[in-house]
Each structure stands twice: as structure tokens, then as C-alpha cells.
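Asks: One letter stands for each residue in the lines below.
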Amino acid sequence: MLLAALDRGYADPRRLHRSGREARLLLDNAREATAEALGVRPDEVTFTPSGTHAVHLGLLGLVRGSRRGTVVVHSAVEHSAVRHAVAWGASACEVGVEGDGRVYDGDLVENACSPGVAAVALQTANHEVGTLQDVGRFELPNDVPLFTDACASMGRLPLPSGWAAAAGSAHKWGGPAGVGVLLVRKRARWRNPFPGDDRVDERSTGFENIPAVLAAAASLQAVVAERDEVNARQHGLVDVVRRRVAAEVPDVEVVGDPDRRLPHLVTFSCLYVDGEALVTELDRRGFGVASGSACTASTLTPSHVLEAMGVLTHGNVRLSLQRDTTRADVDAFCDVLPEVVAEIRSRVGL
Amino acid sequence: MSDSPGPSRDVALELDCRDMPCPMPVIELARHLGDVKVGELLAVVAHDPAAAVDVPAWCRMKAQDYVGADVADDGAPRYVVRRLT
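Protein chains in written order, with our numbering: chain A, 9 to 358; chain B, 404 to 488.
Be aware that one or more of the hints could be misleading.
List of simulated lysine to aspartate or glutamate pairs, EDC-like, C-alpha gap at most 16 Å [to be verified]: (1) B/465 x A/259; (2) B/440 x B/417; (3) B/440 x B/419; (4) B/440 x B/468; (5) A/194 x A/151; (6) B/465 x A/151.
No wet-lab data here; the hints were simulated from the structure.
Let the sequences and hints guide you as you build the complete structure.
Replies: As C-alpha cells, then:
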């Protein structure tokens, strides 16, 4: 699919020559397939060079289109793409979360009604702990649009309702890196916050990577087609990890909502354990995990998500299951974890 | 409970973890909990930004009382814990 697209979709889709028309046809097909998979209109879909760029463009475009002001009300657990966009082109009003990572909905709505608010930003699901947010269940003022960062859930879960703009990231659903999806509702007041361009799609800047966009659309269709079966299986496997880690590793905190969460993600923190050592030791045993601990971050500060939830930030592990992860894989991980944690603790005499 | 100046609290033991990286301040706290009597205050002084979250989280996990954050004599962040068990 990708190779055929590389052969046929290399030209500029704005050009009128044969290869340009062919590229345009492939781009239109990808847009239609993406719209159908997501349940939106094709003219609401823009392909961007990344999920991060889709977030920047989507959120800041709503701010630019606002007649009310420049304040963005957002949860304390938004992805850094949202926080960076707000820091760059808006002013922030941050709303706290409960211990499971879910936003205090009353605070969100109350702050959204304040003067000067341009938009509300709330993720569909948290990218670190998996907790689903109640996007679409809030009564916001009519002229305060909602931006939802759907990067962590797009494809895996249906989109919520109630948003004016949304963003997704192809590599998060198993597609290629370098493709983001921006969705802007037909009637939303969205204005390009960056210098514009002269493209097929007025919201995009530069020449879309058509082969990658096609691969992203095809993988999205495949993920949507099998998500009922895959999600049920992954949800059950994460339940196993949550239960076994809590039972078999002493002084551990398994975080995030145990039920209303992404199907494939689980996060926990181990007391007295250096996150970097834990990632390294698990990697040596064939398990590639992420961590929100300060020592694993370029900034040397702990994950703002874990911080906002008030949960332990050190010794943190984030496990993402693949679509073909089996019960045996999960059990193998749970089998080695207690000894890995015990060994790291023994280095400091605990 | 936070923001009251350091000397006003009757801290039985103050641990100097100023230059220690995460998770050493919490490890030091666990090591020295037994050095104070039940009901007494133990404080950790740490520049590690993770300590602000991890000391209260440790208290919750280990059933100790997190009293709050203040500053040490030199202005470094200090986290105060009351031993309960």
C-alpha cells in the first residue's frame, strides 16, 4: 500500500498534470477514508505533519477565531503540546484533576463562563495514565468552543461529541510517524493562527506527505474495524497487569482510573526505585517501557500529569500493549517485575 | 499548613537532601523515620522537584502524616512529616 502510494502519489496534488491529478485523487481518497473511519465530514479533515502540529493548529485556531478573549481553560493533565500552544499563543487557566486523573468538571465549566475565555481544551483520554475524560458532557457557553486532544484515543475509541476542533496522531494508532489529523467542525469559528498557504486544504501548510497520509488512513480503517475485539482483549490484559503488579510488588501504586480508561495503557510507580534504572533493567529483559519519572525526562522534572494527580512520580513505568500482545507476554512481564524492583531497591539497601 | 517559616515548627530531625537526585530524598526519609519518636516531626530538605509530590505520596502510601512544605534556614524547600506509626 505504502510502496504503491510512493510510486503513484509523489506529485504535488495542486498541479493539473497527470501525476498531479493522481496525487490529488489519492489525497482525496485518504481524506474520505479518514472521515468515514472517524464519523466526520471529509471537509472537516486536515492532514498535518504531526499530532503536535494538529494540536497547535486546532487549539490556537479557535483562540484566533474567538471574539471573547485569549484565555484557554484546560485541565492540568493535558499533553505538553497543549500546554506549549497555550504558553505561545494564549493565556492559561488551569483546572485541577482528581486522584485518578479526571478533571473537576464543575471547575472546568465555572472557569469557562468567565469573561475573556476563548476556548476550553480537554483531552479525550490521558496519554500517560489512560483515564478517559468526560468530553462532550459539559454545558459550555455557546461561544466558548471545545478543543479536544484525541491523540491518545483516536482510532481505538469513537470520538466524543461536543468539540469544535480535535487532533489526532497516526503513529499513536499504529500508522506512520509524521502524520497528524486536525478536525475542524464545519460551523466552528476557526482562523488560521499561523501564516497561511495556498493548498488544496486551506488549513494545511505545505505539501502533504501523500504516501504517509494514505498509509495512515489505511491503518486507521484497520484499527477501527478490529477495535471491538482488540479493545476487549487489551482491557482484560491491562486488568491482569493492574491486579498482579498491585499484588506482587510491595510498595507500588497503580494509577489512573481502573475501568474508564484507554484499553491498552497501564501506569504504576514503585517506591524507592529510580525510574531510569527500572526502564534500563526492563529493557535488558526485552520489555520496552516508558516512564514519567524526573530522571528519565530531558527537563529533569517529574511528569506534570503524575504531579497533578498527586501520585508518586519516581519509579514510574508506563506500559503500552501492542495489538498482538498476548496473555503470555503480560505474564512474563509480571513474572520478572518483582525481582527487578527488588534488585534495584537492594542497591540502596531497602 | 504550608508556608509557615521553618524555625516555628518543632522538627526533631532535619535531613539534608539538598543535592540528592530523585528518589534519594524519599529513600532517606524512609531510612530515618525510625530516628524520631511517634508523634514527632521529621523534615526533608531537597531541591529535587519530585520531592514536592513524592513526599506527600510516600506519607499516603506508608500511613504517615504529611504536615506541609516550608523552607529551611537557607531558603531551600523543606517537607515536614509527622511519624504516626
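Asks: Now tell me, hint by hint, if it's right for this structure.
Replies: Here is what the structure says about each hint:
no.	hint	verdict
1	B/465 x A/259	holds (8 Å)
2	B/440 x B/417	holds (14 Å)
3	B/440 x B/419	violated (19 Å)
4	B/440 x B/468	holds (13 Å)
5	A/194 x A/151	holds (15 Å)
6	B/465 x A/151	violated (47 Å)
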